[in-house]
Every structure is written in structure tokens, then in C-alpha cells.
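K.L.:
The chain contents come next:
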Amino acid sequence: MKRRTFLGAAITGIGVSLIGKAGADQPPIKIGMSMPLTGGLAGGGKPSLLGIEIWRDDINAKGGMLGRKVELVVYDDKSSASETPALYSKLLDIDKVDLLFAPYATVPTAPIMPLVKQRGMVLIGNFSFQVNSKIHHDMWFNNAPWGPADAWASAFLDIGQKAGGKTVALLTADQEFAQNLAKTAREVAGKRNLPIVFDQAYPPNTVEFSSIIRALSAAKPDIVYVASYPPDSAGILRAVNEIGVGDNVKLFGGGMVGLQFGPVMAKMGSLLNGVVNFNTWLPEPGMYYDGTKAFFEEYSKRAVAAKVDPLGFYLAPFGYASGQLIAAAVKATNSLDQKAIAKYLHENEVKTIVGPIAFSADGERKETATLQAQFQGIVDNNIDQFKKPGKQVILFPEKLKSGNLITPFEAARK
Amino acid sequence: MFSMDLLLEAVVTGVLLGCFYAAVSIGLSVSFGLLDVPQVAHPAFLVMASYAVFFLNDGYDIDPLLAGVLITPLLFVFGLLAYRLYYETFERRGTDAAVRGIAFFFGIAFIIEVLLILYFGVDQRSVTASYIGKSWRIAGMRVPLRLMVAFAVAGGLTLLLSVYLSRTFMGRAIRAVAQDEEAVRLMGANPVRIKQWAFGIATAVLGVAGALLIIVSPVDPTLDRAYIGRTFCVVVMAGLGSMTGTLIAAIILGIAETIVLTMFGASWAPAISFALLLGILAVRPQGLLGRR
Amino acid sequence: MKRNAIAFWGFALLFLAAILLSAQFVANEYWFFAGYVILQFIVLSVAWSILGGYAGYVNFGTSAFFGVGVYTAVFLVSAIGAPLALQIAVAAIVGAVMGFAVGLLTLRMQGIFFSIATIAVTIVVETTVTNWRSLGGAAGIQIQRPPVTAPFHSYVQMLVFVQALLVVLSVAISRYIQNSWIGRGLQALRDDELAAECTGVPTLRLKMTACVISGALMCAAGAPGAMYLQYADPASAFNLNYSVSVLAMALIGGTAHWIGPVIGAILLGVTQQLLTVTISSEVNVLVLGVMLVLFVVGAPEGIIGLFRKGRRSEGKA
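Protein chains in written order, with the working numbering: chain A, 12 to 425; chain B, 25 to 316; chain C, 642 to 958.
Okay, chain A solo, but in the shape it has when bound:
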């Protein structure tokens, strides 16, 4: 912890000296946020924050925004919904921040939405899922590539149907994100007349998945849609490897959280082969935009010291993109006026290191950019292999497609 504070101080110091002339007489622009730095979501919160910090240092090196230095005010929300209202009220009323970022994930974000709406502040969301669907805050902009609510399930079921799938099994964690995915999957499957032959929610902290996998394969599904969390994702794939899911399964995966994180992928190694899973950024051709390569070079360097995911594909570049969104809007409107910023973001496409981002009226992406990719040719215990292209072949969206699906599932594992 101390090391990070020291590092932060050192970096801020460099920032100050670089922009000394411009920012000397003006107070910095403060961007406030809470971030899950402890608790269950910290594995995602930490790399996300590092991405945002890299953006801060970059923009300060270029002279800041409106000629003022950018400063981050970050509090730990312990991954809990009950901490965030007080923290955001502190950010607004005591720290008087100029701009707000949301914490990583849905649970800590949900309770602050009403407060932020009431205060008329722009909020850059950070990977929460359908958190604005009831509140309708017109100044909410989610950095995540999810897009419309049902896009995720549609993409996965599309691939399954093209591979000849006729029946669906749903295996989901009994937690917020996974249940939201399951709901849309049921709706999409219903619309397409795909019968759901197995539908189970398992509790957090399930130790042993072999009995669940047995029950699942007994239902003989063609498409298996799994929405799981990091500890369970490992448990499920292990059980699948040991027990097998049957020869009729054409497609397996979809919404397994955890298979995007470097240490988890390295540990699981060849168990991953064949799984088709969502992702947000992958080192495939077509994924590199202006600044992407430089970002990952910087990230790799700093991730070691910060003890976070050495790959950082999933969240970190989007943290950086959050900063780019706000910087573009502030620069174009030449102000910190919240309404003007919101108007700009609604009307304009912004170029970021994760590609161009355009928002629809509800503050989600106009089009989904959530990738579905298949793990191919993975070997055990090698984290560097994931930095090379061709290890996670993109199947969706069509324009980024970088390979072909190997099917059925069991064949892809050999």
C-alpha cells in the first residue's frame, strides 16, 4: 500500500514538473471516484484504476485539460454497495470534485445513480451492467462495450445456431451480473424458439462442480451458456475437463468472468481450449488503435510494481478510455459544464485506444463491441502466450473476426 502511495506521489511530482508553467497558478481539475480496492471486486478494480492513472499521467504530460493539471481523488469502497453513497457525497460536497467516474462493477455503482442524477453530474460508468435502465440518468456514459441489453446473449447464441445448435443449457452463478446475463439469454432463446433444456443457478463458494456438470450433460444440450465468476469459472472448467460434457455440445462458454484475467488464464492453461467466451480487448489484428500499443507497453511496466494483472486486457484500457472520453468532451466544449459535456458525448463519436465510442440515449454503447472469442492452442503455465495473436480467435463481431470456430467443443479440446 505504502509503495503505491509513494509511487503515486512520485508520478504526480513528475507531472507537476512537466506542466509547471501551465498549471502553476490554477487549481487542478479533480476527478473523483471510488474503486473496489479490497473485497471481491478488487481483482478488477485495481487494474482499472491503473489504467485511469496512466491516462492521468499522459494528459498531464501534455499539459492537462483546459491548461489545468488533472488530479484523481480515489476512495476504496470495499466492493460494497453500502459504502458508495457516503463516499460520493464526500467527493461532491467536501472534495468538490469537478468530474465523476463510477466505481468498477454494478453493485457499488447502483446506489450512487440517484444521487448523481439529482446533482446533475456526468458519470462515466465503469463496466456496470444495465444499471441505468430504471434510473434513466441522461448524463450516464458507460465505458464498457456491452451495448444493448440483449446483444451479449444474441451474439453467443448466433454462433451456436450457425454451428448447428438446437437446444440451450444455462449454468449461472447466483450473483447479480450473472443473473442479469441469464435473464437476457432466456429472452433471446425464447424469441428464437431454442428450447432451454437445463437452467440452474449455483451459489457463490460452490466447491465441487462435478455433480452439476453431470446433471448438465445428462440434459444433452447443444449450446452451453455459462455465466460465472472467477473462482467458479476455474472450478467449472476443471470439472468439465474431468467429467466431460458430452459429444453433442457444439459451443461452451459465453459469460465466464475470470477468463479475462492474466493470472487465472495462466493457471488454467490448456483447460481453456475450445471455450468461447466474451472479452473486451484482445491482442488480435484489428484491435489496435491510436495509442493502444503505447498504453500496453506502459501498463506492463507499471503492473508489476502495482501487483496487478500483468496482462490487463479486460479493464485497464477502458479505464484509460474513460479519461479520453472526458478529455475529448472538455476540450471540445472548452468548459467543465456538465450539461455541455453530456451533450457532446451524446452527439459525437470519440476516438479512444479501444476504438471509436458512440453512445445511444441510455448512455450505453450504440453498438455492442463485446467480443466473443475462442481459446485455441493454449499450453499450460505460460502467461506470455496470451500476448500473441491467434490464441483467442475473435468470432464476433463480424468485422473484427480473426479466425474460425472449432466445433464440436470436445474436438476443440484436443
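Derived by calculation from the structure, the hints in this document are not laboratory data. The structure presented is a predicted model; accordingly, all values stated were derived computationally and were not measured.
Ranges of calculated distance between the beta carbons of each label pair, as one might list FRET restraints:
| hint | chain 1 | residue 1 | chain 2 | residue 2 | range |
| --- | --- | --- | --- | --- | --- |
| 1 | A | Pro-38 | C | Phe-948 | 42 to 52 Å |
| 2 | B | Glu-206 | C | Phe-948 | 31 to 41 Å |
| 3 | A | Asp-258 | C | Ala-730 | 54 to 64 Å |
| 4 | A | Tyr-299 | C | Gln-665 | 54 to 64 Å |
| 5 | B | Arg-249 | A | Tyr-299 | 41 to 51 Å |
| 6 | C | Leu-662 | A | Asn-359 | 39 to 49 Å |
| 7 | C | Leu-908 | B | Glu-112 | 19 to 29 Å |
| 8 | C | Lys-950 | B | Glu-205 | 25 to 35 Å |
Okay, derived cross-link-like pairs now, DSSO-like style, lysine-lysine, Cα gap no bigger than 30 Å in a straight line:
| hint | chain 1 | residue 1 | chain 2 | residue 2 |
| --- | --- | --- | --- | --- |
| 9 | A | Lys-377 | A | Lys-410 |
| 10 | A | Lys-398 | B | Lys-158 |
| 11 | A | Lys-231 | A | Lys-177 |
| 12 | A | Lys-398 | A | Lys-173 |
| 13 | B | Lys-158 | A | Lys-231 |
| 14 | A | Lys-425 | B | Lys-158 |
| 15 | A | Lys-73 | A | Lys-354 |
| 16 | A | Lys-202 | A | Lys-412 |
| 17 | A | Lys-202 | A | Lys-145 |
| 18 | A | Lys-399 | B | Lys-158 |
| 19 | A | Lys-202 | A | Lys-410 |
| 20 | A | Lys-425 | A | Lys-231 |
All residues carry an ideal CB built from backbone N, CA and C; glycine is no exception.
Given chain A, put chains B and C in place with the hints provided.
P.N.:
Here is chains B and C on its own, set in the frame of chain A:
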């Protein structure tokens, strides 16, 4: 979805899983079952042992089970010290020992959790060994090899501890203290020394148990919370201090959990151990086969 | 005694008036957000202490009662759009019934068996709510606040005042119990349950009474939490951290007198809020654990014990 095959498979998995639960509970069966120490930090000690195993496996490529054996002496000493502290501050002062003892161990569990987070981070950790990720085909069903390992180790541990407690001098002394501390004192032995020794053993077996925990599934620092229910359920059901009872009770829990998981829906599974425990305690406030 | 009572109620009125006035003059909302959390912990630890302190039954199920309070309010809002006062009243009744049921099930157990049983209750209740689809299940549920009425400028200010009322209520009840035959009976059974039983103290009835009152207050304290967060999910509402925090607050303050948990809750609550916005890391959680262990080992009577000891040694000198 209801079929005999599935039921049979659920029972087999349940027995194997139960053996694993026995291995992680057997230390508690000594410390809480025999010694009456309100050891709510037992699962936290267990997770700590798992992290030690991870440290050795990840850094020095030592087989997880061997690593578990290697850290056993360290855990033994740790147990001796923990009991000494507990005895000096609570048992000796008499009154209220139980109330504050629970709070004490609860606090310790919390501290261990945070220290693990500070050192290892919040990510889940797992180990690598040749027997992880493979399965054996037995009579048409595939059984994960890591569960077979748990089965064998749990059986061995139970046997070892039962023999130790019934055949060796120290083992008999421990049981004597558990039954009648005053009598032991009158016979000229020091019950505190005996109990300290026993608590050391209860903590020492966590070495191998911790290795099993991280072999069976990945571990994260807050995993101990999930095991408070399971371990205490097993020990209370077992009738406080019976080693074979612990094994049987754990198998019952394992089967109950897997059957509910396969047949009724997984989302009810976490409540099983606790519901069983509540049911037993409501009928028999001293445990199922209570020795008092 | 009489003068004491006048002083107590005078102070309580002053406290409420101060909160009401601050709603008029303090524009900064953060103080209300932070204050709400601290007041909520005061109610919880005072309520915990009625069973845990006076009777010596260590309840790990605080989060179960708190979470049921939150979800009672969620249910009432989403089903019939009930007003806040009704949410709290119903939550208190639900809490009392739940306290009665839990007491019936667990209070014949002693010491650690009771404690473990209360953890069990928490998990069983949490699993039930998680499986309750119409309450949002594991995905959580968002609810909306109605517009606020005068004299308050914002809903949070009103919630702070309501929670302050609950503080006064719970402290008054705790104080009454301590000074009445119920408190003396509980203390007797805490010291030696068998002896108390033999001398004719109706131990089970006393324990049940304490459990019902404690449960009702905890649930009532949870009810406004739904409107405070405008969101509820089982993992946050039933978080084991509530149980640990409340236990630590009561034990650190001292459980022999009603003021103990109040002091403990203020001290730890303020510390937590400060640490959250300053160090902002795992250390925050560590402090809680270390303080709990230090106090249980070094100062078994809590802060009020230290204070009394200090006074006693002064008297000697």
C-alpha cells in the same frame, strides 16, 4: 432430470466430497470437540495453511501434499502459542471466557483474512500437481482424481488421529482431560500442558487439510467464511470429539449437499450445512451424539 | 434516580433538536451521509448489547436481522409503496417475530452453540432472500425515493433524523432494561445461569424477552437503509462485516452499561469513516480486527471498564 444414474453419481461424489470435509474439520473436532475451545478461527487457519502451500508450490515447485506435510511442524508451534495466549487471557481468568473467547477468535480470523489480502492480494490462487485435472473411470463414471486424493488422505488422517487418541499415552491423556479435567489434575498431571499439546495437534493437521483445500478448488482470502458453517456442522453432528463420528458426519453432509445440488437446484446448497446444523442443535442442544 | 432520568431525557431532546437544526443550517450533505452510518451503528450495537451484553449471549446474527430489516422495507415499497414510518414499524414487528423464532430455536443452547446457530440463521435467511426472485434475488433491486417533506431539504437529512429517533428509542429501552428487574435477572443468568435458574429467575423467559427486543431494534435500524441506498442486494445487506463491526463496537465500548455500546459505536464508526476517506485500503479492515482483539485481551470491560478502573485508582490515591 430425476434418474437413478444421476442419483448414484451424486452419492459417489457426495462420499468423496464428504471425506474432504472430514479432513478440513477433523482439527476442529479436537480443538472444539474435545477441548471446548471456541475455535471460530479454525477455517481462517485452514485458509492460511492453504496459502502457505500455495507459496511453496508456486515458488519452489513442491508438490502440494508434500508442502502440507512440510508446514505441519510450523503449524504445530503456532497452535501451541495460540493456545497459550488463549489460556492466559481467558481460561485462567474464569468467568466470561466463552463470550470473549469467541470474540477473540473471531477477531483473529478477521486479521488473518486481511493479512492474507495484504500479502497475496485478493485474487484466487491454485496449485499445480500431476493429479489435478485428471479423472479415473470407475464402473462407467468418471471420478476426478483430486477427490480421490482427498478421500485417501482424509481416511488416513482419521485413522491416524483415532489411533493416536486411543493407543498412545498422550492421546489417552488428552481424552482424559476432555472427560474430567479435575481428575487429571488430582492424578498429578498438568491439564493445561496436555490441552496445549492437543491444540497444537489440532492446528498441525491443518497443514495437510490446507493442502487438500487448495487441491480441490482454488482459494481466496475470504474463503474461510464459507467453511465456518461446514466445519462446525460436521463437528457438532459428529458428537464432539469422535474421530470416526467426524468422518461419518462429514460424509452425510457431503451426500446431502451433492443431492440437493444435482436434484433440486444449486442455489439452495449453501444453506444445507447450516440448516442441518440448526435442526440438530434445535433438537439436541449438545450435539447429535453429545458426550455429556 | 429521578434527577438522572430528567438529565437523560433532557439530553435526548437536545440531541434531536440539534439534528433537526443542523438540517436547516448545514448544507453539506456529506455530514448527513456519514452521520447516518454512525447513528445506524449506534442503534445496532445498543440493540446487540441487550442480549449480548446483559445476558452474555454472543449473537453473530446481527447481519441477519439488519438484512431482514432492509428487505422488509424493500418489499413494502415495491409491493404497496408504503411510507417510511410504516416500513420501520413493520420491520420492527418482523424483527420481533424473528427474534422470537430464533430465540425459541437457539436460546436453549449455551455459549458457542448459540453463537454458531446465529451464524447459521444468517446464511439460511440470506439464501432464502437470494432465491426470492420478486425481491430481485441475487441481482439486487433498485427502488426510488418519494419526494421529501418539510422541514427537511433532502431525504438523507430526514433519514438521519429518523435514525436519531431510533437511537433515542433504543438507548431509552436499553437504559430501562438495565435498571429494571429484567436487567438484574439477565445479569444474574450471565454470571451463572444454573444458579439463577435455581433461585427462581425465569431465565428462558428473560432471554426470550431480550432476544425479541434486540431483534426488533436491529430490524428497525435496517429498514431506513433501503431508502438510504435506494438499492438492495443480498451480499451487501447480509454482509458478515455488520456482525463483526457491531460485536467489536459493543465489546470495545463495554457491555456492562448502556453507554458502553454508544461510545464504542461512535468511536469505531467515526474511525471507520475517517479511515475510509484517508488511508483507503485494507488497513481499514485490519484496524477493526486488531482493535477487537486488543480490547478483548487487554481491556475485557471495554472503555467504560478502563474509565471505572481509572476512577477507582484515583479514589485510592
